Amino acid sequence: MFASTTSVVMVGAEPCPVRVEAHVGSAKEVFKLTGLPDTAVREAKDRVRAAVVSSRFSFPSRWITVNLAPADVKKGGADFDLPIALGVLGAAGTIPSRPVVALGQLALDGQVRAGRGTLGAAIVAARMGVPCLVAEESAAEAASVSGAAVFPVRTLADAVDVISGAEPRPISRPPLADATDTPDLAEVRGHPLARRALEVAAAGGHHLFLHGPPGSGKTMLARRLPGVLPPLTPDQALAVACIWSAGNRSRGVDPTPPFRAPHHTASLAALVGGGSGTIVPGEISLATHGVLFLDELGEFPSRTLDALRQPLEEGEVALARRGISVTYPAAVQLVAASNPCPCGYAGDRHSACKCRPSSVDTYRRRISGPLLDRFDLRVAVRRLHADEVQGPPGEATAAVAERVAAARRHQSARGRLNRDLGRPELDRLAIQQAGEAMLGRAIDASGLTARGFDRVRRVARTLADLDDTGVVEECHVAEALALRGSW
Amino acid sequence: MVSDTLRVRRGEEAYPALLETISDPPPAVWIRGRLPAGPGVAIVGTRRATRYGLGLARSMGAAVARAGWPVVSGLARGVDGAAHRGCLDAAGSGVAVLGSGIDVWYPPEHQGLGQDLVRQGGAVVSEYPPGTSPEPWRFPARNRIISALSAVVVVTEAAVKGGALITARLAAEQGREVFAVPGDVSRSTSVGTNLLIRDGALPILGPEDLLEALSLVMGPPPVRAIEPQPLEIDVPPAGASVEMVVEANGGDTARILAILGRLESEGRVRIEGGEVVRIT
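From first to last, the protein sequence lines are chains A and B.
Using the numbering used here, the letters of the first sequence correspond one by one to residues -19 to 467.
Using the numbering used here, the letters of the second sequence correspond one by one to residues 916 to 1195.
Any given hint might turn out to be false.
[Unchecked claim] If we take Cβ atoms under 7 angstroms as the criterion, some of the chain B residues that face chain A in the derived model are:
no., residue
1, Arg963
2, Thr965
3, Thr1104
4, Val1106
5, Ser1156
6, Glu1158
7, Arg1177
8, Ser1180
9, Glu1187
10, Gly1189
Calculated from the structure, these hints are not laboratory results.
All of these numbers come straight from a predicted model, not from anything done at the bench.
Backbone N, C-alpha and C fix where the C-beta goes; we use that ideal spot for every residue, glycine too.
Full structure from sequences and hints, please.
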């Protein structure tokens, strides 16, 4: 007798359906599990037998073969317990056989525990148009996938009830979660330049580099960027949630752009992804469609920073380990911060820098030119005076986000973010005559380099988008020049 | 021997007359470029300057150069470099007096600055033979040449101990005027200049004030000082952070940034590390 159910294994952030085939044969007590299972999956045999018996079903004393297909995808974890149990019971004729997607670990008393690929199971179930059986505690997460008929099951017996057609109703899809509270820009007093840069960075998706003395507010500003960015679309939110669940982290389908701030001692694997065994996504993938904040950029090992360059360019990161290769999205907006020098006071109006000039050079050279070139906006953040700290609150996030959203609409109409404009597109950019002339003068007067020229044009395009004008005007070029900054 | 370098011994016709006015003229000097005949204006100060000192040194260097007087300094880090840079900003001619051989650039990152001075019609001068390495004890001796080539020594920022105060003392002994920029009494880099003012140096309140004081000492400037062109926004003479400029001009960030960007493209201000410096 034969029966099959479907389960899911996550390959990177992509759910891969796994057919769990069960066959119950001649009267000889054997339980075989095939199809590239790892040790945890192999141990399912004992858990399944105990759970079935505890749930007062009879466990077939026959030759049982369970095969997990496709055979070439490695399966790990204990999430196959529930589909294996349902398959075996179906093959033995104890329960009817019905196509479902099931995912969950079984306790020895028959309780179902949440598995890792819950979101993936819901996605696969929605695609196949079959019921999705998951543990009660992860049902809400699964139900956030549109089109999935999610049945929460507390025990194996509950799951059997669903399959036998006892007609419990699937839980309804909860509305998209409210945006997580992000800190508001109104709390930032003063800092007109940095606020403007933050708005422009959000509007064009530009990578932003903030430099200034310790305690000047670089981190405070960076944390407020996700709130200014447009909320994630349901698809983006789901993709982010899948990446997070692949990294064993839970994040609902939340429209708030993620914000990740890894410490500079984080390993290369923690940043770009990797690890032995399963390949987990790194911070650059966890921050997809959101913000990756690297504080103390110069303190990150140069090997790590170099490894970030390609993913930043391509918007995804390909990882390969022992014959398995996985691609994770890595479409992040990068915000980096640095002190101006080791002591932190170079360029401060009120305190002299105590560093030797050569150590300042060494400190700055740690951030390589090619990496620095990624930052269209480089802004000095200054320490506030006492009276500014007590000044009036700044403009609130909501007002800024509205302008950003309007500017983004122009870019989605054109098909890409201004951050991604390459030289050929920039050369075709419509710039007012006076603006072109100003760019020419800037090349002579302030030694604007070719790369600097591109950065200024990208930012000028964003400023024009914020101003709702199709042609880049002189004032946009001028402001972009002022925002170009130096380091 | 460096090809474009001239060695002049005392007694030779080309020996700078100004050096004969001091008590211990160097027996010979090496000159690269063209040394101006008349006295210049020395702008000196600490190597560990704050933005305050750097901004002022640069805008005063530009103001002096635009008026037509040579800017003399020591090519050192900090105030010296900023003064030379201001002179270059205003397309003036300046003189750098080295404490090493004329072919030994110290600090190395100021090599380009020294070469630009020569290219722009100024000079690099040293009393040490080519190849002489920079040693700390050579710099005080070098300072007497800075003041010798100048009618006025302006100290923008100085701690109590340091070459700038030595230059000021030597200048006074050589009969040169000493001007100093006052600063915050609690800031170590202004203690030296405040002391100079207490002891009789003329306090200087900004580039325009400097030009006025200079015309009293040196007579009318060789080039009629162009009236500083008013910028359409307020930028303090000592320079200011971009944010201070934005706030001082009404707070419309986008508009002020656009004005600053245009002024920079016209070479009238410079924006570096978040600071705005006036060039005109």
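(Q) Under the constraints set out in the numbered hints, which ones does this structure not fulfil? (A) Violated hint (a single one): 4; every other hint is consistent with the structure.
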